[in-house]
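J.: As given, the protein sequences belong to chains A and B, one line each in that order. First residue of the first sequence? That's 764 in the working numbering, and the numbers climb one at a time after it. First residue of the second sequence? That's 13 in the working numbering, and the numbers climb one at a time after it.
Since the hints were derived computationally from the structure, they do not count as laboratory data. We treat Cβ as the ideally placed atom computed from N, Cα and C, and that holds for glycine. Where hints are given, some of them may not hold.
Unchecked claim - DSBU-like, lysine-lysine: derived pairs with alpha carbons at most 35 Å apart:
(1) A/1147 <-> A/1113
(2) A/966 <-> B/548
(3) B/613 <-> A/1159
(4) A/1113 <-> B/618
(5) B/548 <-> B/608
(6) A/1159 <-> B/492
(7) B/618 <-> A/844
(8) B/656 <-> A/1241
(9) A/966 <-> B/210
(10) A/1241 <-> B/441
(11) A/1060 <-> A/1159
(12) B/628 <-> A/966
What the hints assert, rightly or not - Just the calculated beta-carbon pair ranges, DEER-fashion:
(13) B/609 <-> A/810: 34 to 40 Å
(14) B/673 <-> A/1152: 42 to 48 Å
(15) B/659 <-> A/1230: 54 to 60 Å
(16) A/1257 <-> B/719: 53 to 59 Å
Here is what each chain is made of, one letter per residue.
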Amino acid sequence: MKDDTVNLGLKAAGPATERPISIAIVAMGGQGGGVLTGWIVSLAESQGWVAQSTSVPGVAQRTGATIYYVEMMRSSDSGEKPILAQMPTPGDVDVVIASEYMEAGRSILRGIVTPDRTTLIASSHRALSTIEKMAPGEGIADSGAVDEAIGVVAQQEIVFDMNDMAVRNGSVISSAMFGSLAASGTLPFDREAYYEVIRRSGKGVDASIRTFDAAFTRTEQGEESVEAEAVDQPDAPAPLPERLSDKRADALLSRIRAELPEQAHQTAFLGVQKVVDFQDADYGSEYLDLLRDLTAKDAAAGGAENGFEFTATAAKYLANAMAYDDVIRVARLKTRSTRRDRVAVEVGLKDGQILNTTEFMHPRMEEITSTLPVGLANWLIGRKGLYDWLDRRINKGRRVRTYSLRWFLPLHFVGAMKGSRRKSLRHQTEVTHRDAWLTDATDALKQNYDLGVVILSFRRLIKGYSDTHVRGLSKFDKVLSTTKSIAAREDAADWGRRLLTSAIKDAAGDELDGTIKTIESFS
Amino acid sequence: MAERSFAREVEDLKLGEGDLFRGEGILAITKALLQSGVGYVGGYQGSPISHLMDVLADANDILDDLDVIFQSSASEATAGAMLSASVMYPVRGAVAWKSTVGTNVASDALSNLSSGGVTGGAMVIVGEDYGEGSSIMQERTHAFAMKSQMWLLDPRPDQACLVNLIEKGFELSEASNTPVMLQVRVRSCHMTGEFVCKDNKRPEFTLRDAMNAPKRDLDRIVLPPAAYEHEVEKIEKRWPAGVDFIRDNKLNEFFGPTGEDKKGKTGLIVVGGMYNSTIRALQFLGLCDAYGNSQLPIYVMNVAYPTIPSEVEEFCEGLESVLVVEEGQPEYIEQSINTLVARKKRPVTVHGKDYLPMGGDYTAAVLTEGLTRFLEDHEPQQLGNRAPVPDPVPILTNPVVERLKDVVPPRPPGLCTGCPERPIFAAMKLVFEEHGEHHVSADIGCHLFSILPPFNIGATTMGYGLGPASAAAFNVPGAKRSISIMGDGGFWHNGLTSGIGNAVFNKHDGVFVIVENYYSSATGGQDILSSRAFNKRRQTNNPITDAVRGVGAKWVRQIDHTYDVNQMRDVLTEALTTDAEGPKIIIASSECMLNKQRRVKPQVAKAIKSGERTIKEKFGVDEDVCTGDHACIRLSGCPSLSVKELDDPLRDDPVASIDSTCVACGNCGEVADAAVLCPSFFRAEVTHNPTGWDKFRNRMSGSVINYLQNRREKRAVSFEG
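Assemble the whole structure, with the sequences as input and the hints as a guide.
T.: So, in structure tokens, the structure goes:
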């Protein structure tokens, strides 16, 4: 058979049959991708190569995901210039540089990272998208999925927190990424050529070179030492201290050891600190009394076989329930010395500078009333005219200058109202709610151990202040009552968990209502 | 002051004969205009052409030296009409805008301009905002060129070709008395490259010459019977003159085997802008090297309109099938070539959109696929031994990668950190929570980001400055009032008359929010009539309130600090509930934060360095007060307001957190107050170079505070070892 295929009449050797080196920089608009792109083009041109970059300008990229693209190649021996493409072709990119971890994930989804040729240089830090931040609870995307994908798709991977490295060296992420690019060996240029480009850029040269070097070294060394890896692992709980010097604290510690199963020790220790900090040692005892009773019920329901999960879960959520968010707590947190120290670190306060803070507070009559003793509070609520009159005076936004005496003293005083807190209307409401919740949980526990645990965890839905708090309570009620309505089902705990997840993910509550509808259809 | 300064780059515009220019497309275009001896330039900003306007503004001194008049046009219609200076006088002019939106606005002027024809070269440079990265509807400028008969240049993405075509374009315009369009695509505007320069040319005939010796010719004015004669002239004179010029000057190019060497059966007809991607696709198929030496013959149409019959015939000679590569729909060029081939009864079949997709980007991957199918059907032996082409499919179908689809969150563009428009929409959301949802007509501009999470506000967008006009029908007394939004850019572009004037005249009962941020911000911070900055070349500081009152609006409220969410909410509520008749107009003003930061940051740094007492602010969140509900984020979406995981096993949900990019606009604190969210937010104020009085006061209050803190903390139960 005649072979009529056509063979391209190209010279056997030389760059003609090759394609240009292609580099895609995936970034968020305004993140400095343009600077890095400019550097790479200058680098190639300084070495006598032909380079071309493209980008998308303007509003189309404001804070959104965008892509810069560079191609570079030598002219032919006869001086012909290469024809360079304006967009990366999936499956045909040599280097992908991602300035953020989910953007690295997005580049993988675009198909521009492939195992036969792509070096992926990615910063592992996260800049969260609006969608992730909006969820009324945990909504952050799973970086683990990107880790896994990178392992599969990249020919060479260079992944570490380049943002952190840049910040530590007083520069911006582009310097770190440039350093990693240099160290990756993907471009046939000397390290000195990279320095020259940075020097010519003229701005923050020393810090840029410092960052460049740090990234270069880190890239050459490969995997970072174990300390960085350890950050991702949840800290192993610290063992309980032998004894505490403060007798009041030590007594509580001894009770934890003596009365609670070992599985709940760590959480209960943290919990007791939280409630004591909220109120006092007596309140800590009350917490432990409640936990002791719950432990007994746990044991009766087969807690030992279940690793006393019920008690451990209760130790967590009971502490949160008891340390509710009221004005006294806020006033105390805002006025303690550690808070000022933390802010000073956050703003990088230096000697000779003065720090002040302004709080954005909006107290309403409701918050004030609920802090009063039950009798007085109810008396006030009964006098609508007076109550409304007071509300008009109190209910407005206040700019509180924390560290001026005019504001610090009243805040300090509100903090001192802790003494009468346990007689307050708010406390009464909280205790009633708490007891009902615990009763529901222990009732369920007898039939279905898992369900008891799940009901305890519903407490997670109650958070925030004012309207947010009310919305949280209503979600809690919905989730709890729906779960109770199917308590007899074997899979009630699973549905309870599903309800909880829906409620956490979706602020509008549509998803939660959907899940409830599904459950209602069971009957 | 524009968002990006080209003060350094414009120096390259002074390069002379034989110098090598290296830089971005927009600068190459400007240099080409100067080399062509233009007498005037104008235009309206809009991606991807915004930066061309910025380059021209930054190059104003250079333009002055060359006697070139530069106008920041009020709209594309203004810019289009400006070209009428070339109707009677032999002066060259160029205007630029974003297309197709800008061409829509300008098309009345362009129709009139094309009808009468031009004496001096007239060129419209359009940023063809099509494909990935585009911010508008997907349409082709090609249609405008055809309907008005303007020649459409579409140069290969190569700066030497681009510059040459601009120079030749003016000659073409003059030779055929026809205005021309030159289109550059999104990724070509900022594409870097190089070309060898010529000297800049002073206009041979200036506008001064024209004004001092005015001319008129009734035959050039669009009025019957002249208008009928224009049509005849277009067909009988200007068209053939244009075709001849294009052919004689070889504006279109032939690549690959020609003459004797042309032995194959197939060829490609490629519109200029698609050339680089086509070459890459051929390279993947083993039919071309990296330098464009192609095995297939290629006819590159750097002039996309009109089609040059003799060139097409010559190219098709001996070929059995050709494939037309043009992006977007309809397939105007394919139709044109088909008509030509059919009329001449040439034995060649014309393909195009039967192998290539009707819409969307013609990337190298898309073209590779289309070319493969075309060659398989018409000349399979060209595909040779079929070297593997880049193929991401095995990777994309890997389960590990597929799982990523559900993980990677979308990241659309949004309002910047500290944007003064954010509190307007936060306030609107609060109003809706109280009074229910209202119909909202949105507009073009940064404020359009309100349609995305977390705000989800806005039902339609009908075009720049047309937000209020698009609410015109919703004028029903007693119904829930409609709200329309428009920026200051859109307001001056046309919204004053199309929206506000219209609403006043028709006694519209709705609410009209004009978002004023002192610049045309979405396009990069260009000055407009109501800009607050001093601009030595323009008259700024013309208040919008005066303008709306001038057209008869009565209920007008000016907000000078949009960050005051309470005030914003109250005025919106008032506008929705007042008994006042006629349009309720709210002008919400605060400076664009991107521009403000560029202006203020160096000032602050200088003040601190010189020892001046300066207060620097940043917001923060008390993580033990924050409960992790994120209601604040759902009312803000500020990039610097994020969430972080706590190192506390007792807490499940991440808490709000403000990163170091915070510019202390105050929105989060104001929202927390207005929505009665929580007391977690605080503003930290650091006094640099404090005065003696500052220090004294700080010492006094500090000692009392320390005493109280120590006393309370000493009494507390300690869990320390």
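J.: So, for every hint listed, does it hold in this structure?
T.: For each hint, the structure was consulted:
1. At roughly 51 Å between alpha-carbon atoms, residue 1147 of chain A and residue 1113 of chain A are farther apart than 35 Å, so this suggested pair is violated.
2. Our distance criterion of 35 Å between C-alpha atoms is met by residue 966 of chain A and residue 548 of chain B, whose separation comes to about 29 Å.
3. Annotation: proposed proximity of residue 613 of chain B to residue 1159 of chain A holds, straight-line Cα distance about 33 Å (limit 35 Å).
4. Taking the CA atoms of residue 1113 of chain A and residue 618 of chain B, the gap is near 18 Å; set against the 35 Å cutoff, the hint holds.
5. As the CA atoms of residue 548 of chain B and residue 608 of chain B are separated by approximately 19 Å, the hinted pair is consistent with the 35 Å bound.
6. Pair hint residue 1159 of chain A plus residue 492 of chain B holds up; C-alpha atoms about 28 Å apart against a cutoff of 35 Å.
7. About 47 Å separates the Cα atoms of residue 618 of chain B and residue 844 of chain A, which puts this hinted pair outside 35 Å; it is violated.
8. Proximity of residue 656 of chain B to residue 1241 of chain A is assessed by CA-CA distance (about 28 Å); at most 35 Å being required, the pair is judged to hold.
9. This hinted pair checks out: residue 966 of chain A and residue 210 of chain B have alpha carbons roughly 32 Å apart, not beyond 35 Å.
10. Under the criterion of a C-alpha separation no larger than 35 Å, the hint pairing residue 1241 of chain A with residue 441 of chain B is consistent with the structure, at around 25 Å.
11. With a C-alpha separation of about 47 Å, the suggested pair residue 1060 of chain A and residue 1159 of chain A falls outside the 35 Å cut-off, and the hint is violated.
12. For the suggested pair residue 628 of chain B and residue 966 of chain A, the alpha carbons sit about 23 Å apart, so the restraint of at most 35 Å is met.
13. Take residue 609 of chain B and residue 810 of chain A: their Cβ atoms lie about 36 Å apart, and the range 34 to 40 Å holds.
14. Checking the proposed 42 to 48 Å range against residue 673 of chain B and residue 1152 of chain A shows it holds: the Cβ atoms sit about 44 Å from each other.
15. Roughly 29 Å separates the CB atoms of residue 659 of chain B and residue 1230 of chain A, a value that falls outside the hinted 54 to 60 Å.
16. Distance hint check for residue 1257 of chain A and residue 719 of chain B: the Cβ-Cβ separation is about 56 Å, which falls inside the suggested range of 53 to 59 Å.
The structure is inconsistent with the numbered hints 1, 7, 11 and 15, although it conforms to all the rest.
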